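For the sequence shown, position 31 (counting from the first letter as 1) is numbered 549 according to this note's numbering, and the numbering increases by one without interruption.
Treat the hints as calculated values from the structure; they're not laboratory data.
You may find that some hints are simply not true.
Derived DEER-like restraints, expressed as beta-carbon distance ranges [said to hold, decoys possible]:
1) LEU532 x VAL554: 42 to 48 Å
2) GLY559 x LEU521: 55 to 61 Å
3) VAL526 x VAL555: 29 to 35 Å
4) ALA538 x ALA558: 47 to 53 Å
5) ARG520 x ALA558: 38 to 44 Å
6) CYS523 x LEU556: 42 to 48 Å
Computed from a prediction, not measured in an experiment: that's the story for all the values here.
Every residue, glycine too, gets a C-beta built ideally from N, C-alpha and C.
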Amino acid sequence: MRLMCEFVVPIAVLIVVPIAVLIVVPIAVLIVVPVVVLIAG
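Whole structure, please, built from the sequences with the hints as guidance.
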């Protein structure tokens, strides 16, 4: 079981992290850009 965890966890991280980045980055951009425009404008 411990060996399974050692293999599964890094694979899960490698899969989840890029997906999370792809989801979070556009949301962050959608939030940050209007705020910056309001402050700069």
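Verification of the hints:
no. : hint                        : verdict
1   : LEU532 x VAL554: 42 to 48 Å : violated, 32 Å
2   : GLY559 x LEU521: 55 to 61 Å : holds, 56 Å
3   : VAL526 x VAL555: 29 to 35 Å : violated, 43 Å
4   : ALA538 x ALA558: 47 to 53 Å : violated, 29 Å
5   : ARG520 x ALA558: 38 to 44 Å : violated, 53 Å
6   : CYS523 x LEU556: 42 to 48 Å : holds, 47 Å
Hints 1, 3, 4 and 5, counting from the list given before, are not met by this structure.
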